[in-house]
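Undergrad: Protein chains in written order, with our numbering: chain E, 1 to 282; chain F, 1001 to 1266.
Bear in mind the hints are in silico, worked out from the structure with no lab data behind them.
None of these values were measured; they are calculated from a predicted model.
Be aware that one or more of the hints could be misleading.
Claimed, not checked - With a Cα cut of at most 25 Å, we get these calculated SDA-like pairs of lysine to any residue:
hint: 1; chain 1: E; residue 1: Lys-247; chain 2: F; residue 2: Thr-1099
hint: 2; chain 1: F; residue 1: Lys-1097; chain 2: E; residue 2: Leu-133
hint: 3; chain 1: F; residue 1: Lys-1097; chain 2: E; residue 2: Gly-9
hint: 4; chain 1: F; residue 1: Lys-1097; chain 2: E; residue 2: Thr-21
hint: 5; chain 1: E; residue 1: Lys-275; chain 2: F; residue 2: Ser-1098
hint: 6; chain 1: E; residue 1: Lys-275; chain 2: F; residue 2: Ile-1228
hint: 7; chain 1: E; residue 1: Lys-275; chain 2: F; residue 2: Leu-1107
hint: 8; chain 1: E; residue 1: Lys-247; chain 2: F; residue 2: Gly-1131
hint: 9; chain 1: E; residue 1: Lys-275; chain 2: F; residue 2: Gly-1014
hint: 10; chain 1: F; residue 1: Lys-1097; chain 2: E; residue 2: Lys-180
hint: 11; chain 1: F; residue 1: Lys-1097; chain 2: E; residue 2: Arg-274
hint: 12; chain 1: F; residue 1: Lys-1097; chain 2: E; residue 2: Asn-270
hint: 13; chain 1: E; residue 1: Lys-180; chain 2: F; residue 2: Leu-1015
hint: 14; chain 1: F; residue 1: Lys-1097; chain 2: E; residue 2: Leu-25
hint: 15; chain 1: E; residue 1: Lys-180; chain 2: F; residue 2: Pro-1217
hint: 16; chain 1: E; residue 1: Lys-247; chain 2: F; residue 2: Ser-1138
hint: 17; chain 1: E; residue 1: Lys-247; chain 2: F; residue 2: Ser-1128
hint: 18; chain 1: E; residue 1: Lys-247; chain 2: F; residue 2: Val-1012
hint: 19; chain 1: E; residue 1: Lys-180; chain 2: F; residue 2: Gly-1014
hint: 20; chain 1: F; residue 1: Lys-1097; chain 2: E; residue 2: Lys-247
hint: 21; chain 1: F; residue 1: Lys-1097; chain 2: E; residue 2: Pro-15
hint: 22; chain 1: E; residue 1: Lys-247; chain 2: F; residue 2: Ile-1228
hint: 23; chain 1: E; residue 1: Lys-247; chain 2: F; residue 2: Pro-1134
hint: 24; chain 1: E; residue 1: Lys-275; chain 2: F; residue 2: Pro-1217
hint: 25; chain 1: F; residue 1: Lys-1097; chain 2: E; residue 2: Arg-278
hint: 26; chain 1: E; residue 1: Lys-275; chain 2: F; residue 2: Ser-1138
hint: 27; chain 1: E; residue 1: Lys-180; chain 2: F; residue 2: Val-1012
hint: 28; chain 1: E; residue 1: Lys-247; chain 2: F; residue 2: Pro-1217
hint: 29; chain 1: F; residue 1: Lys-1097; chain 2: E; residue 2: Leu-277
hint: 30; chain 1: F; residue 1: Lys-1097; chain 2: E; residue 2: Ala-264
hint: 31; chain 1: E; residue 1: Lys-275; chain 2: F; residue 2: Ser-1110
hint: 32; chain 1: E; residue 1: Lys-275; chain 2: F; residue 2: Leu-1016
To be verified - To list a few chain E residues with every Cβ distance to chain F over 10 Å, as calculated:
hint: 33; residue: Ala-48
hint: 34; residue: Tyr-146
hint: 35; residue: Arg-148
hint: 36; residue: Leu-160
hint: 37; residue: Gly-184
hint: 38; residue: Arg-189
hint: 39; residue: Leu-263
Note that beta-carbon positions come from the ideal geometry of N, C-alpha and C, so glycine has one too.
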Amino acid sequence: MRASGTASGYLSAAPLALLFTVAYLVPVGILVIVSLSASTSGFDFTLAHYVEALTNGFNLGILSDTLVLGLQVSFATMLAAYPIGLLFMRCGPRGRAIIVFLILLPMLTNTVVRTFAWMIILGREGVINISLLSIGWIEEPMRMLYTRTGLIVALVQIFLPLMALPINASLARINDNLVKAAEGLGASRFYIFRTVILPLSLPGAIAGFLLTFAGSSTAFVSQTLVGGGRQIFMPLLIYQQAIGVQKWNAAAALSIVFAIAILAIVFTMNRYSRKYLRGMDA
Amino acid sequence: MLKLRNLSYETVVGLLAAASVILLVAPTLVILVMSFTGDFLLRFPPRSWSVRWYVELFENSPQIAASAWISLQVAFISTLASTTLGTLAALAIAGRKSTWAVALDSLFMSPMVFPAMSLGLALLLLLSMLGLRPSLWSLTVGHTVIVTPFVIRMVSAAVQQLNPVLLDCSASLGARRTFTFFNVTLPLIRPGLLGGAVIAFLTSIDHVPVSLMLSDPRVETLPVNLWILLDSNLDVRVASVSGIIVAITLVVILVLDRRMLGHVPR
Chain E
1 MRASGTASGY
11 LSAAPLALLF
21 TVAYLVPVGI
31 LVIVSLSAST
41 SGFDFTLAHY
51 VEALTNGFNL
61 GILSDTLVLG
71 LQVSFATMLA
81 AYPIGLLFMR
91 CGPRGRAIIV
101 FLILLPMLTN
111 TVVRTFAWMI
121 ILGREGVINI
131 SLLSIGWIEE
141 PMRMLYTRTG
151 LIVALVQIFL
161 PLMALPINAS
171 LARINDNLVK
181 AAEGLGASRF
191 YIFRTVILPL
201 SLPGAIAGFL
211 LTFAGSSTAF
221 VSQTLVGGGR
231 QIFMPLLIYQ
241 QAIGVQKWNA
251 AAALSIVFAI
261 AILAIVFTMN
271 RYSRKYLRGM
281 DA
Chain F
1001 MLKLRNLSYE
1011 TVVGLLAAAS
1021 VILLVAPTLV
1031 ILVMSFTGDF
1041 LLRFPPRSWS
1051 VRWYVELFEN
1061 SPQIAASAWI
1071 SLQVAFISTL
1081 ASTTLGTLAA
1091 LAIAGRKSTW
1101 AVALDSLFMS
1111 PMVFPAMSLG
1121 LALLLLLSML
1131 GLRPSLWSLT
1141 VGHTVIVTPF
1151 VIRMVSAAVQ
1161 QLNPVLLDCS
1171 ASLGARRTFT
1181 FFNVTLPLIR
1191 PGLLGGAVIA
1201 FLTSIDHVPV
1211 SLMLSDPRVE
1221 TLPVNLWILL
1231 DSNLDVRVAS
1241 VSGIIVAITL
1251 VVILVLDRRM
1261 LGHVPR
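Let the sequences and hints guide you as you build the complete structure.
TA: Shown next as structure tokens:
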């Protein structure tokens, strides 16, 4: 314990720091170098790949579309998670255990498997089309698989656990007396939700939002399988450039641009929300 | 009037919660039903029922079996590595406010938001620079980086709840640091450690982008294999694989101690 104030207190972090240097920092450094080089044989400096990544309308469109997809999914997931949280808040220990189980089951199920389930649900002869056809609401099967809406619905389900768990945790921490006090003063439930419950649960919601944003904008499997071939997002673009057409330098530049965009958005939202939350405490 | 508004609030929240819960659970149920289809097409509900795709899976799918074996090895070794190294690191940095501790914590947590496809490409470039071909080991190293944040989060939460008085007691009673570690610290952080290990394992089993970048026909993980099967043609065998995966997931959750899942990362 004596050593905890000095550098030797960090000694037990050294093995992991070493691993991260070799398998994370060095590779990302190489990625940066390759992205700044004209070709893979030797290093001759050029910014051409970045210019291409940021001015080519095709690439830029895919980048912004990917980020927009992430934001759309995050907002929709938040909307879907709050009702679960409010139910969770009301439940006793037993009800809460059941809700946690219902959240964990999909969360711990393989993403490829869940994506596959959405292909079955949204498909031409899928669950929704067959049931709507059989009750006569539609005459022709609807196109849902390989559409933007279908993709968003699937991603919302896939990231709902990551949003619901932190929201549940912060809702469960709200002092019940605050709600009772507001009730006693005659506030309606909608008003209590807006002025007491929502602000106090924002830390959980923001944590969930950031995880969902980073997750859904990089969700390669669901983007390709539910989104289909006509919707291209950044992870697929990087993969195609690298493995498909072997343009390593261009793929590296796209990787860096994508990573910086995601990290910048997550970092900014984190900073901004912390400032906001600190302001609320005061 | 007031009562009526509150009632409508209850109804709205209740209905929305029901919708969300159905959304959460529906895919799992669909998979379980679908895996018993007797059809050659993925239509729902199936026109005939059978276990033929399970039989097909066990008798005629050496590639799927091989990829599942690769996935298990990678997940097992990367879980072991990330849990050991991650726990040691969390013990050093958890709860400390110094610049170094914060910087290390940000570094170890960053793979959670760094796009995995970019990391996969970075690792592939490193391998080719070293003149190496993708192998089980390069895949395992990549997965270790990907899953470490979950271990750090869970173990850090457990370490921060550790009462330092207990460690001081142990020291003042003359226990060595290693003795204190194995007999006081480790038992107390065990729930966080096991929780981190479980999530690390499941994340590794689930991961595609890095595996795809570092895959060659000899080292193809199960999810990469399934992705290829689904991307090219909707292979019905995926339904039976999925059925098995869902069953295993169910067993894992039911076997897990609920206390251990008390601190899921946030």
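Undergrad: Confirm or reject each hint.
TA: Now for the hints, and whether the structure bears them out:
1. E:Lys-247 <-> F:Thr-1099: violated, 39 Å
2. F:Lys-1097 <-> E:Leu-133: Answer violated: Lys-1097 of chain F to Leu-133 of chain E is near 60 Å, above 25 Å.
3. F:Lys-1097 <-> E:Gly-9: Between Lys-1097 of chain F and Gly-9 of chain E the Cα gap is close to 13 Å, so the pair holds against 25 Å.
4. F:Lys-1097 <-> E:Thr-21: holds, 22 Å
5. E:Lys-275 <-> F:Ser-1098: holds, 21 Å
6. E:Lys-275 <-> F:Ile-1228: With a Cα-Cα distance of about 45 Å, the restraint between Lys-275 of chain E and Ile-1228 of chain F is violated, given a limit of 25 Å.
7. E:Lys-275 <-> F:Leu-1107: holds, 22 Å
8. E:Lys-247 <-> F:Gly-1131: holds, 18 Å
9. E:Lys-275 <-> F:Gly-1014: Outside the cut-off at roughly 33 Å; violated.
10. F:Lys-1097 <-> E:Lys-180: Violated, because 37 Å separates the two Cα atoms, which is more than 25 Å.
11. F:Lys-1097 <-> E:Arg-274: Holds, because 17 Å separates the two Cα atoms, which is no more than 25 Å.
12. F:Lys-1097 <-> E:Asn-270: holds, 18 Å
13. E:Lys-180 <-> F:Leu-1015: At roughly 23 Å apart (the allowed maximum being 25 Å), Leu-1015 of chain F and Lys-180 of chain E satisfy the hint.
14. F:Lys-1097 <-> E:Leu-25: holds, 23 Å
15. E:Lys-180 <-> F:Pro-1217: violated, 62 Å
16. E:Lys-247 <-> F:Ser-1138: holds, 22 Å
17. E:Lys-247 <-> F:Ser-1128: Judged against 25 Å, a Cα distance of about 14 Å means the pair holds.
18. E:Lys-247 <-> F:Val-1012: Violated. Lys-247 of chain E to Val-1012 of chain F sits at ~52 Å, over the 25 Å cutoff.
19. E:Lys-180 <-> F:Gly-1014: With a Cα-Cα distance of about 20 Å, the restraint between Lys-180 of chain E and Gly-1014 of chain F holds, given a limit of 25 Å.
20. F:Lys-1097 <-> E:Lys-247: violated, 43 Å
21. F:Lys-1097 <-> E:Pro-15: Holds, at roughly 21 Å.
22. E:Lys-247 <-> F:Ile-1228: Since the Cα atoms of Lys-247 of chain E and Ile-1228 of chain F sit roughly 22 Å apart, the hinted pair holds (cutoff 25 Å).
23. E:Lys-247 <-> F:Pro-1134: Holds, because 19 Å separates the two Cα atoms, which is no more than 25 Å.
24. E:Lys-275 <-> F:Pro-1217: violated, 49 Å
25. F:Lys-1097 <-> E:Arg-278: holds, 18 Å
26. E:Lys-275 <-> F:Ser-1138: Distance ~41 Å between Lys-275 of chain E and Ser-1138 of chain F Cα, so the pair is violated.
27. E:Lys-180 <-> F:Val-1012: holds, 20 Å
28. E:Lys-247 <-> F:Pro-1217: With Cα atoms ~21 Å apart, Lys-247 of chain E and Pro-1217 of chain F stay inside 25 Å; holds.
29. F:Lys-1097 <-> E:Leu-277: holds, 20 Å
30. F:Lys-1097 <-> E:Ala-264: holds, 23 Å
31. E:Lys-275 <-> F:Ser-1110: holds, 21 Å
32. E:Lys-275 <-> F:Leu-1016: Roughly 31 Å separates the two Cα atoms, so the pair is violated.
33. Ala-48: holds, 18 Å
34. Tyr-146: Answer for Tyr-146 of chain E: holds, closest chain F Cβ roughly 12 Å.
35. Arg-148: holds, 18 Å
36. Leu-160: Contrary to the label, Leu-160 of chain E does not stay out of reach of chain F, its closest Cβ about 6 Å off (not over 10 Å).
37. Gly-184: holds, 13 Å
38. Arg-189: Arg-189 of chain E is in fact no farther than 10 Å from some Cβ atom of chain F, at 4 Å.
39. Leu-263: Non-interface label on Leu-263 of chain E violated, nearest chain F Cβ at 6 Å vs cutoff 10 Å.
Consistency with the previously given hints fails for numbers 1, 2, 6, 9, 10, 15, 18, 20, 24, 26, 32, 36, 38, 39, ordered from lowest to highest.
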